[in-house]
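Q: Following the hints, position chain V against chain U.
Residue numbers (the numbering used here), protein chains in the order written: chain U, 1 to 294; chain V, 1 to 342.
Calculated directly from the structure, the hints in this document are not laboratory data.
Just so you know, even glycine gets a beta-carbon here, dropped at the ideal spot from N, CA and C.
Treat the hints with caution; some may be incorrect.
[What the hints assert, rightly or not] Derived, one-sided and incomplete: chain U residues facing chain V with beta-carbon distance under 7 Å:
id, residue
1, F70
2, I131
3, G135
4, V139
5, Q142
6, G146
7, I233
8, V237
9, G240
10, G241
11, R242
12, Q252
13, V256
14, A257
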Amino acid sequence: MGVAIAAAPAPSLGLSAPRSPWALAAPLGLAYAAFFVAPLLMLIAVSFYADERMTRFGLEQWQRFLFDAFHWKVIADTLLLGLKAVAATVVLGFPLALVYRAASPAWQRVLLFIVVMPLLTSVVVRTFAWIVILGREGVVNQLVLGLGLAAEPLRLLQTELGLVISLTQIEMPLLLLPLLSVMSRIDPNLMDASASLGASPWRTLFRVILPLAAPGLAAGCLLVFASATTAFISQSVIGGGRLVYLPAMIWQQAMVAAHWPFAATIAIALLLSVSAVLAVIAHAGRVAGGRVHG
Amino acid sequence: MSLSLTRRALLAGAATLAAPGIARAQRGRAASVTAAIYPGAWEEAFRETVAPALKRAQNVELEMQPLFAVDQIAKFAASRGVPPFDCFVLDPGPRITGIERGMYERFDATRLANRTALPGLLADEWGVGCAAQVVGIAYNPKKVPKPSGYADLFKDPWVSRLGITGFGTTFGTVSLIEIAKVFGGSETNIEPALAELKKVLPRIAAVGAPAAMPGLFQQGQCDVMYTNTQTVTTLRDRGVDIEFAVPETGATAFFTTLHIAKGSENIDAAYKYIDTVVSKGVQEALQKPPYNFVPVNKEVALGAGLPMRSLDEMARFVTHDWAKINPLRGAWIERFNREMAK
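This is chain U alone, in the form it adopts within the complex (with noise of 0.2 Å):
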């Protein structure tokens, strides 16, 4: 190997001749060979050991999971928590994206910091802070019940409605971070053309903004929904022991039962359902960009 070092000549420092741009991604390539791919593989091979000590093959335990009703509701609450995290942010950051798009370079600055700075907290302490706002004896209990409100404290720890609200405001970076940076390209010119030729601000938002900006709102629905449907900790912090999600099923089956071979089916089931939902969000921020030179 030295000799081999020692003998090779001297790499030219010259940018001439362009090597494939695969040689490029190649240190990052490997290391997901390595340490992804591979333990993606060694997962799926667990999978498919029929016992929990893992001495022989077999299918038993993707029948355990695939025949099981329960399993399979526990699949849809985990999607469905997903999607009504991406709708959430949607709905309260599109319009933030419109006034970022709208501000000068000053205010868009001030806005960016405010929007990322969520990201600078851990995700711990995110998640634990709205146990503080949410609880019994939380700061919107106490604005209800001082306001007269509600009798009685309002119950929204532990409730999916609770973890949503909470999901919606820890993942609204993922949303707006690529969602802005589309926004800040589109042309402002094109809104002019677009109410000089008589179109309402309605039909400019869906007809040329949303279009234009769809690239974007889709890789942020993307980020959203993968983030929120694996958020193990905000799931079992905020959501509970009686909503039962996907992560928290294979942390019980890796972590506390022991039975890997189980806790490997349900992390690929997890992986495969949500890449498919992934798959469909990715296909229609596709189609909706496309709608735009249509």
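A: Chain V in isolation, oriented as in the chain U frame:
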């Protein structure tokens, strides 16, 4: 130039390859022990208290590998005869798994200088307890009266303020077993507990992940829960209104135990490590905040928050047979998910 570079590269390569071997040989000479330890509070506590005490008293270096119980078992199983660490630290369930799979060296308690200070039930042929957990009911005395036992948790005024957790932890599992026993179940039949919980499910305040329970109690989301004295002491130190109640059926006790890994090359150092962990000085330090461990050394004065005045009283506490519980626990976890799911 080229040749010298090559030789240097070869030497460097050889040194890199030999490094683990050299490090191991040096470790052997300087007396060191590699101990698996639970990540988080345990790791921090042992780094602060055990490591300096072991170096001072025995001149043994402590190297820690932060691993959950499941990971310790898995890592040992994957190592095929060359143990990745010298000592396990395990709760009762994984402890039994290790015994069944022949993962421990036989343990000789007479090699511990501190053995006379340990309660008799603490050491056996496989290892020794290094911390106790005492489990009962925690309640907020400003919100609810003191419950007399597990049955009270299903009645007013407690039921609407009750927070529960499943079979994910040892304390959760033993509490649910005790609840099952109150309603006619047993160590191997937890159905009555689930049936009773199901009846009151819409009324109870919280069904939480074990790690979330202290936070839920602190925030007033629930005012009564089954838990261990360590959680009660920690929350009280933070100014939370919380008291520990011994259920009328008795407090439950179990030990976290230390074991020497089969095939360990540092058995002497491992005994010294274990001896240091159970020594009076270390146990006193571990009992103090923020660790709040329940000590296992009889010479340590027990903290005011504990429901016993001497460790010998723990012989009266309820204990469980984890050889029977282990095979059922995976299914119980699933049952709990199903029964509690909305």
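Q: So which hints don't hold here, by number, going up?
A: Result: hints 4, 5, 6, 7 break, sorted rising.
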